[in-house]
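Residue numbers (our numbering), protein chains in the order written: chain A, 1 to 241; chain B, 1 to 241; chain C, 1 to 241; chain D, 1 to 241; chain E, 1 to 241; chain F, 1 to 241.
Read the hints as simulated data drawn from the structure, not as lab findings.
Heads up, some of the hints might be wrong.
Since copy identity is lost for identical chains, a pair holds within one copy or between any two.
[Claimed, not checked] Calculated cross-link-like contacts (lysine-lysine; reagent style DSS-like; alpha-carbon spacing at most 30 Å):
1) Lys184 x Lys54
2) Lys181 x Lys12
3) Lys12 x Lys146
4) Lys14 x Lys184
5) Lys146 x Lys118
6) Lys12 x Lys184
7) Lys146 x Lys14
8) Lys181 x Lys146
9) Lys54 x Lys146
10) Lys14 x Lys181
11) Lys118 x Lys181
Next come the chains, spelled out residue by residue.
There are 6 protein chains.
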Amino acid sequence: MEFQYENSYEVKEKITSSSIAILPVGAVEAHGPHLPLGTDNLLAERVAQRVADKVEAFVLPTLPYGQVWSLRHFPGSINVSNESLISIIVDIGESLYRQGFRTFAMVNGHLGNQPALKDAARVLFTSCPNMKVFYFFYPGMNQAAKEVRETDSAHATYFHACEIETSYMLYLAPEFVDMSKAIKDIPQIPEDADVTPTPWEVFTESAVLGDATLATMEKGQYIIDIAISNMVHMLTNKEAK
Amino acid sequence: MEFQYENSYEVKEKITSSSIAILPVGAVEAHGPHLPLGTDNLLAERVAQRVADKVEAFVLPTLPYGQVWSLRHFPGSINVSNESLISIIVDIGESLYRQGFRTFAMVNGHLGNQPALKDAARVLFTSCPNMKVFYFFYPGMNQAAKEVRETDSAHATYFHACEIETSYMLYLAPEFVDMSKAIKDIPQIPEDADVTPTPWEVFTESAVLGDATLATMEKGQYIIDIAISNMVHMLTNKEAK
Amino acid sequence: MEFQYENSYEVKEKITSSSIAILPVGAVEAHGPHLPLGTDNLLAERVAQRVADKVEAFVLPTLPYGQVWSLRHFPGSINVSNESLISIIVDIGESLYRQGFRTFAMVNGHLGNQPALKDAARVLFTSCPNMKVFYFFYPGMNQAAKEVRETDSAHATYFHACEIETSYMLYLAPEFVDMSKAIKDIPQIPEDADVTPTPWEVFTESAVLGDATLATMEKGQYIIDIAISNMVHMLTNKEAK
Amino acid sequence: MEFQYENSYEVKEKITSSSIAILPVGAVEAHGPHLPLGTDNLLAERVAQRVADKVEAFVLPTLPYGQVWSLRHFPGSINVSNESLISIIVDIGESLYRQGFRTFAMVNGHLGNQPALKDAARVLFTSCPNMKVFYFFYPGMNQAAKEVRETDSAHATYFHACEIETSYMLYLAPEFVDMSKAIKDIPQIPEDADVTPTPWEVFTESAVLGDATLATMEKGQYIIDIAISNMVHMLTNKEAK
Amino acid sequence: MEFQYENSYEVKEKITSSSIAILPVGAVEAHGPHLPLGTDNLLAERVAQRVADKVEAFVLPTLPYGQVWSLRHFPGSINVSNESLISIIVDIGESLYRQGFRTFAMVNGHLGNQPALKDAARVLFTSCPNMKVFYFFYPGMNQAAKEVRETDSAHATYFHACEIETSYMLYLAPEFVDMSKAIKDIPQIPEDADVTPTPWEVFTESAVLGDATLATMEKGQYIIDIAISNMVHMLTNKEAK
Amino acid sequence: MEFQYENSYEVKEKITSSSIAILPVGAVEAHGPHLPLGTDNLLAERVAQRVADKVEAFVLPTLPYGQVWSLRHFPGSINVSNESLISIIVDIGESLYRQGFRTFAMVNGHLGNQPALKDAARVLFTSCPNMKVFYFFYPGMNQAAKEVRETDSAHATYFHACEIETSYMLYLAPEFVDMSKAIKDIPQIPEDADVTPTPWEVFTESAVLGDATLATMEKGQYIIDIAISNMVHMLTNKEAK
């Protein structure tokens with residue numbers, strides 16, 4: 001159910017204490033030659049939609065701007081600060097709480113947003129008693145990706161426009177992928193990249209962290225379906241705080 | 001052109017000093033029984049798209065949350081603060097500036113956003129020299145609406161889910177209008193509503209400020225086309241500050 | 001009654017739940033060759049005094065600095081930010097509330113302050129339950145001015161150092177007007193001035209938006225008396241929120 | 001010279017790099033039964049005026065609200081936070097700097113404002129190179145008061161509505177003093193009042209810290225003239241940073 | 001070299017562009033029955049000291065308060081916000097930069113501080129050009145711990161007062177460990193603990209995440225020496241940004 | 001009792017409503033050729049320890065960074081803003097309150113911190129009802145110092161690295177004093193130093209405000225013991241707010 005297509009008269013009784021509001025959060029960010037700038041928005045939206053279908057949740061309009069500090073100098077990237085993200089998400093969460101929601105799930109398509117989403121969730125934990133707030137980023141994907149990937153991961157936690165993320169897109173939004181432009185570009189990430197601010201232009205020109213040519217719909221399906229299943233499980237098994 | 005469907009490689013040379021970036025800004029807010037909560041998002045997006053087509057601009061992903069203080073207690077409304085709005089818009093504007101844009105136009109579908117957009121534009125005026133920043137809200141609509149409306153306006157500046165706004169929707173997003181539910185509900189707005197904080201539940205239960213049953217696609221078209229024409233004119237005649 | 005000339009011992013019992021506190025808010029801003037920089041302070045103070053006399057209210061000391069972004073580069077203008085204005089007014093309002101006031105009326109002499117005063121009023125709406133907060137800017141003046149003005153208005157909402165404002169001064173503070181220096185200087189305001197940040201030096205050197213030579217005490221009296229009457233009406237008819 | 005009574009045309013050339021802008025800063029605060037709430041405003045204004053006359057400075061409109069945390073629960077007190085004070089004073093100082101002033105002197109009538117004024121001055125020290133910023137609070141008064149007072153001081157640094165401050169008023173604003181109501185009320189200030197937050201209602205009901213009946217115009221004149229002389233000396237001997 | 005034991009006269013020439021300033025950052029937080037509240041401070045300090053000895057760096061006084069949101073309700077925990085941490089670290093970093101340092105390394109003993117340290121480092125990345133800022137948290141420990149641990153990790157990234165951290169203490173600060181009180185308490189961490197705010201009292205009473213009885217000095221030495229070696233390597237191989 | 005060496009299990013019952021938490025607050029700041037940069041940290045810590053021994057209080061880890069604006073350009077000084085200090089101290093105080101403390105005493109070794117500590121104490125006064133918050137800076141030292149000093153004070157309130165502070169160090173931390181480097185350097189402090197921002201490099205190169213060669217352990221002991229006695233007295237005589 002798309003929340004914004006509801007009308008005010010009917011939505012009132014549809015919002016009960018067991019209602020779930022899902023907010024897709026993405027970003028506008030460089031994703032190499034074969035994927036669009038809005039990749040993270042498309043993924044967040046479509047994952048959110050599938051989760052919502054399974055748990056009968058409302059999907060809110062996507063928050064389409066994220067914290068892309070690392071790639072902010074790449075063509076097309078639009079960066080918003082952690083402070084801005086936290087502030088607007090807290091506002092949204094508090095409105096949902098006043099509207100009667102007791103479960104608010106952010107479905108995030110961009111890793112760089114996680115710290116802000118976590119901080120926002122903690123603020124809401126205090127200001128909205130008894131509202132459960134989730135900040136999902138493909139839960140379970142690390143293990144699942146390990147099972148299907150054919151190349152080593154370029155980095156312990158980052159993945160970007162690579163075999164994995166391109167596979168997600170082939171599964172969820174193939175009309176926006178141009179595999180003919182997909183490249184293999186495995187960067188040499190500096191060993192201190194995790195412990196000192198490191199804009200990605202230092203180690204990649206393409207913003208592709210791996211071999212996008214190996215992406216397949218099946219790999220995407222395998223991982224995404226596990227992530228969706230995990231989200232559904234946590235949303236339906238949740239208990240009061 | 002949808003900005004987020006571009007890819008990073010090609011967008012680089014498409015962004016020149018004459019490029020225009022258009023940001024639709026809307027809201028999720030009660031709009032009576034016949035219009036969806038996302039009315040202002042739909043209108044902002046579709047107006048933005050038409051303007052973009054005429055001036056060959058990029059349309060950015062819609063910022064779909066607005067300041068809806070007055071209607072925040074109505075079912076379905078999601079309110080964000082002026083501070084949050086200003087903060088995220090300034091971030092977006094500064095990113096666009098660094099990306100090379102010198103014209104940034106907000107196409108706003110929700111009157112309550114205007115003070116925040118104006119403040120954000122003033123911040124950008126200082127931080128982004130030579131970038132022209134617009135905050136459009138149906139320019140010229142007051143005069144045009146006067147010409148076509150069959151009922152008096154309920155208020156000098158507000159219009160909401162009424163003959164006028166419903167007409168906009170019939171023109172731009174008719175698939176989201178249910179005219180069978182349209183009502184006439186002309187409120188008695190307190191005479192001090194402009195000079196003291198006045199949540200709308202004080203004077204309306206429906207959030208419809210007028211007679212929505214009189215809405216027609218033609219009225220919407222008349223006003224919207226004038227507004228679009230005015231925006232196109234200002235975007236193409238603009239000069240450096 | 002001037003609040004600051006009361007003493008602490010006697011003021012205590014004079015403050016009851018029906019007491020009204022009036023805060024004049026003005027600005028220091030260029031007003032052409034014939035009006036002083038403090039024009040908006042003088043007007044706010046004297047209007048406040050007259051209103052207070054009719055409703056037996058306390059007049060607080062004038063807050064004499066306002067948001068004059070548009071004219072901040074003109075000689076003599078002193079600009080303070082919306083943030084500063086909001087912050088100090090919220091402090092004042094919360095103090096008045098703790099002192100026992102349940103009606104707090106800002107009488108504003110400078111249009112540019114209105115957004116900040118409105119925002120401050122909304123903050124107080126939440127933090128001070130049952131306190132009615134007004135932010136008056138010559139209520140009813142638009143209609144009244146239309147009736148007496150001999151020249152067209154230069155702009156739909158701005159008026160400045162012109163036929164109208166000079167008439168206010170001739171009525172309320174004639175000793176500060178030098179009509180021998182009054183000029184006619186009708187600017188060509190850019191058509192996009194309402195939708196993009198536009199410092200007034202772009203379209204006027206004098207800061208006079210019209211024909212000040214046509215100002216008369218009588219015109220001022222006509223409009224101001226209507227505005228005062230409207231304020232008195234709203235202050236005395238007000239009911240609890 | 002009252003700055004706000006100047007007009008924009010003439011003030012331009014009156015502002016040179018040797019011009020001095022003086023801002024009186026006061027407060028609205030309980031001052032016992034014999035002095036008005038606005039005592040600190042009256043003193044700041046009239047001292048500022050005398051200093052201005054001697055150094056040919058501009059006097060700005062008084063900032064009439066101060067930080068009165070200690071007395072905020074007394075009838076009539078209006079408290080504003082350090083943050084609000086600092087913010088508006090920094091705005092004012094930066095405007096004066098852009099207008100061409102290179103000396104900005106705050107003449108403060110309320111001790112509780114000093115920390116905020118000092119902090120604001122430090123901000124301006126960085127943002128306005130070569131502008132000298134003073135925050136005066138009766139410089140030299142401690143020594144001078146010791147010479148004329150007939151009773152011991154109730155506290156090392158506080159004095160309030162007592163022999164000393166009442167004498168200031170008898171010299172500078174006698175029309176606002178009602179000596180027939182003056183009282184002697186020497187409080188027992190807790191020994192930890194300087195090292196733990198201590199609202200004054202803990203140790204005084206009157207807010208008079210001493211024997212106001214001993215106040216005389218002559219005592220006030222003696223101290224104030226020394227303070228004025230010290231300010232004049234510092235304003236005229238000042239050199240570039 | 002302890003920075004604070006230097007004197008101002010001699011330190012001046014000791015600070016060159018190749019000087020390194022190391023800031024230990026810890027926390028006061030519950031660490032079970034056998035470890036002190038200041039465990040993270042002790043570890044940060046002693047690791048910092050060893051690194052400093054190897055690279056001839058200055059060790060700054062420890063910042064002994066951290067963000068311990070998850071354990072804030074446990075006896076003895078003192079929690080400071082991310083905002084406070086970021087603010088004071090940015091101040092410290094900017095001071096070091098003005099003093100001439102071009103390498104600033106935070107040696108952190110508390111995982112919960114990492115997001116704040118990373119954000120602070122990014123702020124400094126912009127405000128202090130050419131200063132390299134590190135935020136170290138036992139680099140390389142994950143792999144090394146895997147090699148020596150005898151029990152499974154209770155969580156992918158958390159470790160606390162367990163086999164591992166107790167081993168660190170046995171190596172670096174054995175005089176503060178009371179192994180006679182060490183316990184085994186392997187918690188059942190909820191599967192959604194990484195995606196929803198989860199104070200640790202939800203799943204543990206002891207705050208021990210594992211089997212502390214298996215801790216040995218040798219395990220601590222093995223991991224810590226690797227971490228120190230990694231830090232030394234990155235500090236000495238670093239190049240200008 | 002060092003708070004951070006307690007463990008979580010035992011500390012729980014040690015914290016009662018009569019428990020006292022003492023926070024030493026110092027600074028890293030130039031102190032001439034004979035005293036270390038961390039002089040204020042050493043003094044704060046050791047005074048705190050002695051006070052704690054007498055009143056059976058917990059000593060928290062030292063907050064070792066202070067506001068040293070005046071000396072921030074001297075070699076070795078590390079300056080943090082009032083905002084940062086206030087923010088972290090409020091966090092610490094609120095944590096202590098939640099842990100059960102009802103007395104929180106800051107023992108400050110650096111005069112420049114006093115305004116921030118006072119402001120933090122006022123915030124806590126409101127947010128932590130019934131918690132008594134002290135901000136001590138050698139209470140009673142002014143009188144005591146007058147009795148023992150052999151040279152005049154260079155300034156009414158400042159003392160720094162001089163006869164007095166060096167005596168404190170000789171008493172409390174003699175191992176960090178190098179009297180062979182002690183100098184006499186009596187500055188000519190500008191007469192406006194108290195009323196305009198005045199970095200100390202304007203009037204001293206050494207940062208020594210007086211004759212450090214006259215310092216003795218006995219002078220330090222005399223003053224410090226009085227200050228400690230005063231703190232003990234206030235901590236033990238305190239009553240509920």
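Right, here's what the structure says about each hint:
In this assembly of identical chains, the alpha carbons of Lys184 and Lys54 never lie at most 30 Å apart, being 36 Å within a copy and 38 Å across copies at closest. Taking the shortest Cα distances, Lys181 and Lys12 sit within 30 Å of each other only across copies (16 Å), while inside one copy they are farther apart (48 Å). Proximity of Lys12 to Lys146 under the C-alpha cut-off of 30 Å is found in neither arrangement, the shortest distances being 44 Å within a copy and 34 Å between copies. Taking the shortest Cα distances, Lys14 and Lys184 sit within 30 Å of each other only across copies (25 Å), while inside one copy they are farther apart (48 Å).
Taking the shortest Cα distances, Lys146 and Lys118 sit within 30 Å of each other both inside one copy (25 Å) and across copies (27 Å). Taking the shortest Cα distances, Lys12 and Lys184 sit within 30 Å of each other only across copies (21 Å), while inside one copy they are farther apart (51 Å). Taking identical chains as interchangeable, the C-alpha atoms of Lys146 and Lys14 are never at most 30 Å apart, the minima being 41 Å within one chain and 38 Å between chains. In the homo-oligomer, the alpha carbons of Lys181 and Lys146 lie at most 30 Å apart inside one protomer (25 Å), although the nearest pairing across protomers, at 40 Å, exceeds that limit.
For the identical chains of this complex, Lys54 and Lys146 are intra-copy neighbours only, at 26 Å inside a copy versus 38 Å across copies, given an alpha-carbon limit of 30 Å. With identical chains, the CA atoms of Lys14 and Lys181 are at most 30 Å apart between copies only, with a shortest distance of 18 Å across copies and 45 Å within one. For a Cα distance limit of 30 Å, the shortest separation of Lys118 from Lys181 qualifies neither inside one copy, at 35 Å, nor across copies, at 34 Å.
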